[in-house]
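J.: Just so you know, the sequences run in chain order A and Z.
Quick note on numbering: numbering that gives the first Met the number 0 labels position 53 of the first sequence as 52, and the sequence is numbered without any gaps.
Quick note on numbering: numbering that gives the first Met the number 0 labels position 406 of the second sequence as 405, and the sequence is numbered without any gaps.
Treat the hints loosely; a few may be bogus.
What the hints assert, rightly or not - Here are the simulated DSBU-like cross-link-like pairs (lysine-lysine), alpha carbons at most 30 Å apart as the crow flies:
1. K77/A to K189/Z
2. K103/Z to K189/Z
3. K75/Z to K107/Z
4. K77/A to K117/Z
Just so you know, the hints here were simulated from the structure itself, not pulled from any lab data.
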Amino acid sequence: MPILLILMLVLGAVGLFLALPGGRADLSRLGLLVLAIGAALLVAGLTQQLAGEPGQALFAGCSLVALLAALRVVTHRKPVYSALYFVLLVVAVSILLVRMQAEFVFGALLIVYAGAILVTYLFVIMLAQQARPAPYDTRSREPLWGCLAGFVLLTQVAAYVYRRPASEQAAVLPRVGGDAILNVATPLLTHYVVGLEIVGVLLLAALVGAIAIARRPAATADEGED
Amino acid sequence: MQDPVVFRVERILRSPWLIFGAGAVLAGALALALWLLFPLYKGLLADPFWFPILVMAIMLNLILSSTAICILAERKIAGFTQDRFGPNRVGFWGLLQPLADGLKFLLKEDIIPTQVDKPLFLLAPAMALIISLSGFAVIPWAGEVRWPWAPDTLVSTQVASLDIGVLYVLAVASLGVYGVVLAGYASNNKYAFYGGVRAAAQMISYELPLGLGLLCLLLTSGSLRLEEVVRQQAQSGMWYVFLHPLPFLLILVSSFAEANRVPFDLAEAEQELVGGFHTEYSSMKFALFFLAEYAHMITGSAVLVALFCGGWAPLPFSSWLADSTAWWALLIKLGAYLAKVAVCIGLFMLVRWTIPRFRFDQLMRIAWLSLVPVGIALVAGTATLTVLGLQRTWWACLGLNLVALLGMLWTAARSGRTVTGRQDDLPDIHVEPA
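Excised from the complex, chain A in its bound form (with noise of 0.2 Å):
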């Protein structure tokens, strides 16, 4: 099993490098024939670890899902379709939370960002847009460099995973009872109500400085609308 967990990472990898748009040698069929392996291998491993759970097939389907759509977040050459499919995996890796029951969770990500970062983002897309692509949607800047480091963290969690004591695998995850916001509230405002209120002073400060970044001289204003 170990061995087919690393050769599923590394046609992964390999894929995925091949697969990036690297300006030079469009090599991208190749990688995504190399990922079709990895993805296959994937399949295969999943029915075989949940074939006696018919409840996990919503889990197995969202991960691919998930799986798929970030990677045609780096390798697709329009940017609002990369936009688009980080949507998708919002969506999908927002199911996996309602899976586990982290039901606020699950709205916020919906929230923040497929409602609101994600809709900034193709709003730019859209306004940036040319006629052909720009260089740098063309080809990745590092892609060697990305794909390893992507690599090794993926081996890192694929050991720390397999290597868990059966036990601690076996665990399902506990039942919570009672009110999901509750749960999720009662601690933030009592416990972590600290940390919660420096996020807030952080993300002001940040707001101000991104207003007093953006704001042009008002001898400047009259070229743009806002």
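Model the placement of chain Z on the given structure of chain A, informed by the hints.
T.: For chain Z alone, coordinates are given in the frame of chain A:
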């Protein structure tokens, strides 16, 4: 010269007997089927798993078909507002007009322009409709019910009872912009593109007052579950609109903006942008956008009614039926809910034909310079009341709203800025005399 066949067909179509007769036959057949099949679905009705699915199927169909009625109502209200008849040719009183509209949509040529971004062009209308329909999942249509043949199971007329009910509504509402933005982008048309960009900017801006208004309400109710908010209002008889008129207005205005309705329909603005984001769409794809707009309006109204107007509670200032779980109470509650939603939609439509469209800078100014500050002040005030334990006391809440209103008026009077009029940070226009 009138063709006698056309004349005869038209006379038949316009006779009241046809439509009432057809309606009576259909309703009779449906009632008979329901009556005869009752033993079959009796068990499903009392099952806590299947009943919400039935509710979902019924409500989804109800909403999709009521969009047709909404379109007719919209045209009739337009006629009423503009002192004309509105559609009155097809069927009795023009009642078959939605059918004619639907047929027209189906039979028109479905054009996909050559230079569009095809996947996104096809995805956009579907996305608009799907997202505007998914908000219904958390609406508590008629509370809970105990069927006479299964006295020990309590089933809820809500599709999904989420802990984060209101947050779910917000999440779905915030996704609603993608359909419009994608349509604008994929059309490869500058008018459509401007429509999409406007929609994105508008949606981001108006989510803030929406969220602030909701915060006031949540501080008062102390629960994000829609059914809990409705139950509180039904039991006390004090609908939250009486406690929080200004947050209600905030959310009402924002839901006009979120549904892209006049006076906030800058995204389609036919005078400036030809048709805005749906310029390039034809046939059923255009119809999907149309449906999505009405579905969005119905969702918005349903959420507004649940949060502020007592949901299924039939009477204000009374707790009548608040704890009843009888089947006849279910019918009354459902009727009350749908009636309130209908009134709300009627308001949306009257506003559409009464108020002219804002200009874009006015729209932004309304959001950022008036709604957001008022919202922040209201949230701060409601939070103070909550700390003092006065958040459900009517005089404290109304006093807060009054103070906020007076503060608004005072600030507006003091600032001396015109509410409408030219954008004042642009240079003056000098027109050379001819």
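J.: Look at each hint and say if it fits the structure.
T.: Hint check results:
no.: 1; hint: K77/A to K189/Z; in the structure: 19 Å, holds
no.: 2; hint: K103/Z to K189/Z; in the structure: 27 Å, holds
no.: 3; hint: K75/Z to K107/Z; in the structure: 24 Å, holds
no.: 4; hint: K77/A to K117/Z; in the structure: 14 Å, holds
Against the hints set out earlier in the document, no violation occurs for any number.
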